[in-house]
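Visitor: Just so we're aligned, residue 1 is where the sequence shown starts under UniProt numbering, counting upward by one.
Honestly, the hints are just simulated from the structure, not real lab data. Because the structure is a prediction, the values reported are computed rather than measured. Beta carbons: idealized from backbone N, C-alpha and C, even for Gly. Incorrect hints may have been included.
Unchecked claim - Just the calculated beta-carbon pair ranges, DEER-fashion: (1) Glu-264 with His-168: 20 to 26 Å; (2) Asn-352 with Ser-188: 35 to 41 Å; (3) Asp-142 with Arg-252: 17 to 23 Å; (4) Thr-137 with Ser-361: 38 to 44 Å; (5) Pro-362 with Lys-90: 53 to 59 Å; (6) Lys-6 with His-217: 40 to 46 Å; (7) Lys-90 with Arg-336: 51 to 57 Å.
Claimed, not checked - Computed cross-link-like contacts, PhoX-like style, restricted to lysine-lysine with a CA-CA straight-line distance of at most 25 Å: (8) Lys-81 with Lys-123; (9) Lys-207 with Lys-174; (10) Lys-151 with Lys-118; (11) Lys-230 with Lys-347.
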Amino acid sequence: CEICGKIFQFRYQLIVHRRYHTERKPFTCQVCGKAFSNANDLTRHGKCHLGGSMFTCTVCFHVFANAPSLERHMKRHATDKPYNCTVCGKSFARKEHLDNHTRCHTGETPYRCQYCSKTFTRKEHMVNHVRKHTGETPHRCDICKKSFTRKEHFMNHVMWHTGETPHHCQACGKKYTRKEHLANHMRSHTNDTPFRCEICGKSFTRKEHFTNHIMWHTGETPHRCDFCSKTFTRKEHLLNHVRQHTGESPHRCGFCSKSFTRKEHLVNHIRQHTGETPFRCSYCPKAFTRKDHLVNHVRQHTGESPHKCQYCTKSFTRKEHLTNHVRQHTGESPHRCHFCSKSFTRKEHLTNHVRIHTGESPHRCEFCQRTFTRKEHLNNHLRQHTGDSSHCCNVCSKPFTRKVRWLLEHLTFKLIRFTVIRLRKKLNY
1 CEICGKIFQF RYQLIVHRRY HTERKPFTCQ VCGKAFSNAN DLTRHGKCHL
51 GGSMFTCTVC FHVFANAPSL ERHMKRHATD KPYNCTVCGK SFARKEHLDN
101 HTRCHTGETP YRCQYCSKTF TRKEHMVNHV RKHTGETPHR CDICKKSFTR
151 KEHFMNHVMW HTGETPHHCQ ACGKKYTRKE HLANHMRSHT NDTPFRCEIC
201 GKSFTRKEHF TNHIMWHTGE TPHRCDFCSK TFTRKEHLLN HVRQHTGESP
251 HRCGFCSKSF TRKEHLVNHI RQHTGETPFR CSYCPKAFTR KDHLVNHVRQ
301 HTGESPHKCQ YCTKSFTRKE HLTNHVRQHT GESPHRCHFC SKSFTRKEHL
351 TNHVRIHTGE SPHRCEFCQR TFTRKEHLNN HLRQHTGDSS HCCNVCSKPF
401 TRKVRWLLEH LTFKLIRFTV IRLRKKLNY
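The whole structure should be built from the sequences, with the hints applied where relevant.
Guide: What follows is the structure, given as structure tokens:
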């Protein structure tokens, strides 16, 4: 960025960040709420309210209507923390912060929701909760128009647009947009796992992971889809599921404009453009773009297959393989074609089937430009160009480029011939 010197990995991040300079107005009048892009404009505006009698913060240049308001505000910048907790000794700059903290020890929850009677230790937590009932989202992003119920969620969202990462790890220099993400990361250096499950003894670095784990024990699924009534243990799983109904895919690739329903899918996709493979196998030099691909690969070395079928005790290295296998027992085929209503047990089978209707063939040969509907068909075709014959007959060692069709046909012929020979010998024919 030519204004602040900040460096970005991708051009689209720089473009969005520039809007931060041109559109952001961080200096807000505390009297009328009007916002300004610089401190001088805010100072000039303040005189309209106060007739030249200014109460301005010397640190951030916020203007206040009276001296007590400015004094309370200055305590945010002060390093002095005169209010001490008598239980644990923690200190605070403001008395109301000490009062909120003390309720963690006493268990007092004086703020009650008028809709569902849920109680809270802090008033702002109750206000944020009430907005879930009312649907109010007062904090609106000027860049993408998305709105939020809580100010901190809005601020974190804006940093996602601008690429700002103010929270730095002192151990490795890694940067984060949110303070809690830095705190979670720091535990990877200290190996601190403060959240321990009393049922199985497993411990976690993050509270939300611990909460989700407890629900796995209890079978609780509190997050329900309004479209199909399917329930989930985690809110983010519900949000991702709902996008299947709405068709929303908010995460867009800056290289090819492809969009995704989940952020982690976008991150994985971008690595296909950049060629980044950060997850390296400790057994062999192979590296992967996704962590779950590495985990699945490592199990080939260790022989671990932790996912067991409850119907036939067969075990699998990958959870999705178990899910697909279980559907053979249950007969479930949840992936339905919108063109002909044919249903499939696996999503990739539906994807391949839909291409028969649409005529789409996204997999292109770089040698002859021929296109294919399925990636494995492209891989088989490429072997004709490269001469790779990786599939060999165990009987005669004859090589084949395609395992599924040519090798199996060859083995079938061998089996029939072997059977005929045995019958001839048996019948002395």
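Visitor: For each hint, tell me whether it holds in the structure or not.
Guide: Tested hints:
In this structure, Glu-264 and His-168 meet the distance hint of 20 to 26 Å, their C-beta atoms being roughly 23 Å apart. For the pair Asn-352 and Ser-188, the beta carbons lie near 39 Å from each other, so the given range of 35 to 41 Å is met. Restraint check, Asp-142 to Arg-252: a C-beta distance of roughly 18 Å satisfies the suggested window 17 to 23 Å. Distance hint for Thr-137 and Ser-361: a CB-CB separation of about 43 Å, consistent with the stated range 38 to 44 Å.
The beta-carbon spacing between Pro-362 and Lys-90, approximately 57 Å, falls within the hinted interval of 53 to 59 Å. Separated by about 45 Å at the C-beta atoms, Lys-6 and His-217 satisfy the suggested range of 40 to 46 Å. Our hint of 51 to 57 Å for Lys-90 and Arg-336 holds, since their Cβ atoms are close to 56 Å apart. For a cut-off of 25 Å, the pair hint linking Lys-81 to Lys-123 stands: about 22 Å separates their Cα positions.
For the suggested pair Lys-207 and Lys-174, the alpha carbons sit about 21 Å apart, so the restraint of at most 25 Å is met. With a C-alpha separation of about 21 Å, the suggested pair Lys-151 and Lys-118 falls inside the 25 Å cut-off, and the hint holds. Among the hinted pairs, Lys-230 with Lys-347 is consistent with the structure: their alpha-carbon atoms are about 18 Å apart, no more than 25 Å.
Checked against the numbered hints listed earlier, the structure breaks none of them; every hint is satisfied.
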